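**Q** Sequence lines, in order, name chains A, B and C. Under our numbering, think of the first position of the first sequence as 1, with each following residue one higher. Under our numbering, think of the first position of the second sequence as 364, with each following residue one higher. Under our numbering, think of the first position of the third sequence as 569, with each following residue one higher.
Errors might be hidden in some of the hints.
Among chain A residues calculated to face chain B with C-beta under 10 Å, some are [to be verified]:
hint	residue
1	R87
2	R220
3	P243
4	E245
5	P249
6	F276
Simulated from the structure, these hints should not be mistaken for laboratory data. A quick note: this is a predicted structure, and the numbers were derived from the prediction, not measured. Note that CB positions come from ideal geometry on N, CA and C, so glycine has one too.
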Amino acid sequence: MYVAVKGGERAIAAAHQLLAEERRGDPAVPELSIAQIEQQMSLAVDRVMSEGALYDRDLAALAIKQARGDLVEAIFLIRAYRTTLPRLGYTLPIDTGRMAMRRRISATFKDVPGGQVLGPTFDYTHRLLDFTLAAEGANVSPPQQPSINNPAPIPPMPRVTDILAAEGILAPEVDIDAGDTIADLTREPLAFPADRDARLQALARADEGFLLGLGYSTQRGYGRSHPFAGEIRMGAVSVEIQPEELPFPIDIGEVELTECQMINQFKGTAETPPQFTRGYGLAFCQGERKAMAMALVDRSLRAAELGETADSPAQDAEFVLCHCDNLEASGFVQHLKLPHYVDFQAELGTLRTLRAERREAAE
Amino acid sequence: MMAQGQGGLLMLEGFADPVDDSQRIFRQILQAVSRPGCVVTLDPLPPAPAGLNAASIALCLALLDHDTSLCLDGPTLTIARQHIAFHTGAPPAEMDEAAFTLIADGNVLPDLSRLPHGDAEYPERGATLILQVAGFDGPRRHVLRGPGVDGTTELSVRGLGDGFWTAFAANQHRFPLGFDTILVHDNAIVALPRSTFAVTHPVEA
Amino acid sequence: MREAGIKDDEIVRCRDGSPLSPAQAARRRWLAVLARASLAELEAIRGAIEGVIGDHAPPRLLRQPEIGMTMLRGRMGGTGQVFNFSEITMTRCTLQLADGRLGCAYMSGRKKNEARLAALIDALLQDPDHGERLIALAIDPLSAEQAARARQRVDKSAPTKVEFFTLVRGENPA
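So that you can see chain A by itself, here it is in the shape it has in the complex:
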């Protein structure tokens, strides 16, 4: 039970003042600009956009600055801000097959058509602290100036999963026209049983750490699903909308995305022969760990639909989806800091009575 308390305005104002001071830190150290955060803390920006569920780099960078680098707090700021913006519509489904790719790897085929492109990755780094980065300005290599006039268009690259699906050994993902019935958590709260569209939307905004732990648990035997990273691709995809006043769809710009397709064994059922099935992960920009964890959890949550026994945490949709949002989790955990004086007084009273009764019985 919560009770309203009054007072403390001056203390709260002073606390906010102190917070602002701490945020700035030592004035002798130059202040961070939004552009610096956007450019040089770009993976933090990516995470805040994915879990804040709003693609806008400058806003995410601002939130990170305001939150003093606390990403869960920054995600909270973005979620709060997005409620002030009107919803202007829905895009056409993006086509990740037409991604202008900067990274593309497959752990299932070494000779994947189009090749494997590592891109800007931490993979294969030695994880040794690089002290040259501590020497500011000394380590910057001059930017390369690639030829501006490469006239060849960027070729579309087939997905590994499309090739496997064409062979019939991977369950196909076919476009079913769901019309207006596509779940939207920003409009209707989650209800159970939740269909895969609602689950994917919830996972897309879910806490990376929580999904990572759950995904890991499936690999360690809690709902084994034998995953392979069929393909991970990262790059820009154009976004299209159908405006009301035009008869044709138009392109409004690009988003950077990471898509992960996990391929998993499936024993088959009476109706379906043994085949591979998949889990799907999608995150903004270079949120690769998030996209992989999301794909693992998406697949484990399909247990019921595929007729598998579901007895592990990562297969329990209600458990996963009700606890995966760090805004909700953080809010409910942190509300314990709010005054619970009346609650506690009641508990204290009960405890004292019980102890007195016990004492009397003993005497």
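Since the structure of chain A is provided, determine the placement of chains B and C on it from the hints.
**A** Then chains B and C, alone, in the frame of chain A:
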């Protein structure tokens, strides 16, 4: 006014100040709904396309968006339909599905029993019915009572078919389910929420 | 085929399912270019257009520049059923010239000034007399530059392309 230009029809603007104007109109709608039977004049009014009153368009611009479906009932409302879709994004729907139903002529009524009236879990899913009428100075008097009315109040309406009052009577027995009505003429509205009771009197000699 | 990010005209369909007319395809192309342009680039395009057509009557704003969000939709497995992924900020603006030409701008991000300018340019580019010349003058160079920029970004990853070799375990074939 519509004119054929080289690139197509000339389209109309919405509210001059979309945020403030729609909030003003919303406040006035609130006033009307909390005082059933009272004639409330809306201001400021946006330009209206052929077939619709200025107040009807003001209601649409203030209340509709992507999440509120609209059934627009009446002949020759193509331009009005485009106008509302452009400015609000409200998806079109059949009357039995629509959150809002706007009927252009109160004398030409479709079957109002098709209006959604919500269910026990979600009574707010009952429709809002916007009806254009010929005036609030008609010969028939309707005595209203219910929440928001001090005792009773009288309402005169011209250009509203008897079918409405039949449906309205049926609506009264469904409370808290049912539809809410806003009557519109020119720049004025009268609200008849589902909580209002009406007794229709014949014309007195 | 233009570039990976932007769909080919052949596979794009009007709302009613019909293929795009050449005029619609041209407009679709310049709207995509304008959506990616900076404020300075848009100012330059307007200057170039006005240099050709001279003064024009001020347009009527049907929808003032407005910032909001649009829900980005994805497909399960990339090709399957549609789901709502996440939102993206978007700015839109629509205006109309006195002769009825409609100019609209829809662009990702929060860019009111850019949207207002892009909507005006969209209307002006539909000029019945100078259209093709204006496109060659104002749109084509920027379109090429944008394509090169996108290409450049992808090309930077080219040196990171790998060939993995499988090491044969056990006996090597003789």
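**Q** Are the hints correct? Go through all of them and say.
**A** Each hint tested on the structure:
no.: 1; hint: R87; verdict: holds, 6 Å
no.: 2; hint: R220; verdict: violated, 42 Å
no.: 3; hint: P243; verdict: holds, 9 Å
no.: 4; hint: E245; verdict: holds, 5 Å
no.: 5; hint: P249; verdict: violated, 15 Å
no.: 6; hint: F276; verdict: violated, 38 Å
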